[in-house]
Amino acid sequence: MRIQKTKKQQKYFWIAFFITPGLLMVFVFILLPLFMSMFNSMFDWNNYNRLGFIGLNNFKTLFTGYYYSERFFNAIQNNLKWFVMTMLIQNVFGLYFGYMLSRRINGSEVFKRIFFIPVLFSITAVGFLWGLYLKPNGLINSFLALINAEHLQRAWLGDGKIATYTIILVNIWRWTGFPTLVFMSSVDALPIENIEAAYIDGANELNIFFKIVLPLIVPAITTITVLTIIGSLNVFEQVYVMAGVDGQPNYSTDTICTLFYRTAFGTYDSSSPVIGVGSAMSVIIYLLTFFFSITSISWLQKKEVEI
Amino acid sequence: MNIDFHIKKAKSTKKLTLIFTFFMMFVYVIIILYPLFNMVISSFKSTRDIIRYPFALPESISFKSYYTVWIEKKFYNYFINSVIVTSVSMLFVVLLGSMASFGVSRYQYKGNTFLYMLFLSGIMLPLKAALIPLYMIINKLGLSNSLTCIILINIASGLPSTVFILSGFMRTFPKDLEYAARIDGCSDWRIYWNVVMPVVIPGVAIVTIYNAVPIWNDFFFPLVFIQSDALRTLPVGLNSFIGQYKTDWGLMFTGLSISIIPMLLLYLSMSNQFIRGMTGGAIK
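So the protein lines, in turn, are chains E and U.
Residue 1 is where the first sequence starts when you use this note's numbering, and the numbers rise one by one after that.
Residue 1 is where the second sequence starts when you use this note's numbering, and the numbers rise one by one after that.
Hints listed in this document are in silico derivations from the structure and should not be mistaken for laboratory results.
The structure displayed is predicted, hence computed values, not measured ones.
Okay, the calculated bits of chain U under chain E, using three or more residues with CB under 8 Å as the criterion:
| no. | segment |
| --- | --- |
| 1 | 18 to 32 |
| 2 | 101 to 109 |
| 3 | 115 to 127 |
| 4 | 149 to 158 |
| 5 | 229 to 240 |
| 6 | 249 to 261 |
Pulled from the structure, derived: some chain U residues nowhere near chain E, Cβ distances all over 12 Å:
| no. | residue |
| --- | --- |
| 7 | S60 |
| 8 | F63 |
| 9 | T172 |
| 10 | V199 |
Here are some of the chain U residues that sit facing chain E, going by a computed Cβ distance under 7 Å:
| no. | residue |
| --- | --- |
| 11 | L96 |
| 12 | L134 |
| 13 | Y267 |
All residues carry an ideal CB built from backbone N, CA and C; glycine is no exception.
Starting from the given sequences, assemble the full structure and let the hints guide the process.
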C-alpha cells in the first residue's frame with residue numbers, strides 16, 4: 001500500500017513539474033489579463049487610479065456616448081470590411097490556387113514557393129514599402145501613367161473612400177500564399193482513390209471539385225475562416241503603418257484595435273488614458289472573437305463529411 | 001491513373017482553364033516579385049531619381065546608404081535585439097511547451113483535459129485585447145522598457161499553439177516503449193527528454209517556425225513596451241527610422257531592404273521547412 005501511495009505521489013509530482021511553468025506563463029499573461037479586463041471594465045478610472053464601481057456604464061458610454069459610439073461603430077464597420085474582403089478575395093484565391101497547385105499543374109513547385117514569400121515578411125516592412133509605392137507620386141501611379149491610364153490614378157491612401165480597401169489589398173498581397181498552401185496540403189492529404197473513382201464514373205471537373213473535394217476539406221476551411229475572423233478583429237499594424245494611429249484620413253481607416261490603442265494610451269481626445277472604456281472595448285474584442293469563432297466552427301462542423 | 005493537370009494532356013476546355021490559371025498565377029508572381037526588385041534597385045537611387053524614373057535601373061551601385069543605415073542608424077543593433085528576443089523566446093516556448101505537452105498527453109489523471117483546454121484557450125484569446133492589464137502587470141513586475149517583458153509575452157503567446165501541436169505528436173508515441181524505458185529505470189524527466197523528445201523533433205521544427213516568424217516580425221508589443229532606442233527590435237526600429245527620414249526615399253528603401261532581405265534569403269535556403277512549419281499549425 002505504502003509503495004503504491006508514494007508512486008502515486010511521485011506521478012503527481014512529475015505532472016506538476018511538467019505543467020506548472022507553462023501554465024504559470026499562460027495564466028499570468030493570457031488568462032489573468034482577460035479577467036482583469038472584465039473587472040476593470042466595471043469601474044470608473046482616473047488615469048491608472050481605480051475609483052468606484054459603475055457596473056456597465058463604460059459599455060453604455062462606448063455604445064451611446066457622443067464621440068465613442070461614432071468612432072466605435074465606424075471602426076467595427078471597417079473590421080467587417082476586412083473580414084468580407086479577406087474571405088472573398090484572399091481565401092477564394094487561396095482555395096483556387098491551392099487546388100490547382102495540388103493537382104500538380106506545370107510549375108506548381110515554383111509557384112508555391114514564390115506565393116509564400118510575402119507571408120514571412122513583417123507587416124511593418126510590407127506596410128511601409130507599399131506606403132511608398134502608393135504615394136501620389138509613387139510607383140503605382142507612375143505605372144498607371146506608363147500604360148496611359150492616368151484616369152485611374154488615385155490618392156490611394158489619401159482618399160477616405162478607398163483608403164481602407166487599399167490597405168486591405170496590401171494585406172491580401174501579403175497573405176494569399178498562406179490559405180493557398182493550407183488548402184493545397186489539405187487536398188494533398190485526401191485519399192486519391194475518391195477522386196480517381198469519380199473520374200472513372202465520368203464526373204466532370206467542376207463536380208469533382210464542388211461535390212467531392214470541397215466537402216472533404218471543410219476542416220481546413222474552418223481553420224482559415226477562424227484565423228480570418230481573429231485576424232480581422234486584430235487589425236492594427238497595417239493601419240498604424242500605412243495610415244497612422246488615427247486611421248487617417250479622417251478616421252476612415254480606423255479599426256477597433258487602433259481605436260482601442262488610442263483609448264488605452266490617451267491619444268483619444270484628452271491625452272490621458274481612459275482605462276474604463278478601454279477595458280470595455282477589450283471585453284468587446286474578446287467577446288466578438290469568441291462568439292464569431294465558435295459560431296463559424298459549429299456551423300462549418302455540420303458540413304463536415306467523413307471519408 | 002494520372003489525375004494531375006498537365007497542359008499537354010488536357011482537352012480543350014480544360015486547356016482554357018489551365019491557361020487562365022497560369023495567367024492568374026503569373027500575374028500574382030509578378031505582383032510579388034517586382035515590388036521586391038524595385039525596392040532593391042530604389043535603395044541605390046536618389047529620391048529624385050526614384051520619383052522621376054521609378055522603373056529605371058540605378059546609374060551606379062554604391063553601398064554607401066547601406067553603410068549609413070546599418071552602422072550609423074544602428075540597424076545592426078535592432079537586428080541583434082531581434083535575434084536575442086526571438087532565440088530566447090523560442091528556447092522557452094519549446095522547453096516549457098514540450099514539458100506541458102508531455103504533462104497533458106502522457107499521463108492519465110482527472111483534469112488533464114481541463115488543463116489541456118486551459119492551454120488551448122489562449123489560441124482564441126487575442127493578446128492585443130489584453131493590452132491594459134499587461135501594461136499594469138509589466139509595470140508591477142518592474143519590467144517595462146526591457147527585452148525581458150517582450151520575451152515573457154512572446155513565451156506566453158507561443159505556448160497555446162505549441163501545446164496543441166506537440167501534444168498531438170506526443171500522443172502517437174507508443175505506451176509500450178514508455179513502459180520499457182520505465183522498467184529500465186528511466187525517470188520521468190529522462191523519458192521526456194531522452195525518449196519522447198527525440199521522436200517528436202519534426203513537431204518541434206513545425207512549432208519553432210510557426211512561432212519564430214511572428215515573434216521576429218512582432219511590432220505591437222515592442223511598440224508599447226520599449227521606449228529606449230537601444231532596445232528596439234527590427235520592426236519598431238524600422239518604424240522610428242522611417243518616421244525620421246520621411247523625405248529621403250532612397251534611405252527608406254535601404255532600410256526596408258535591410259529589414260526584408262535576411263528573411264528572404266533564409267526562406268530561399270529552406271523554403272520547404274518554412275512552408276511546412278507555417279501551415280503545420282493550421283492542418284496539424
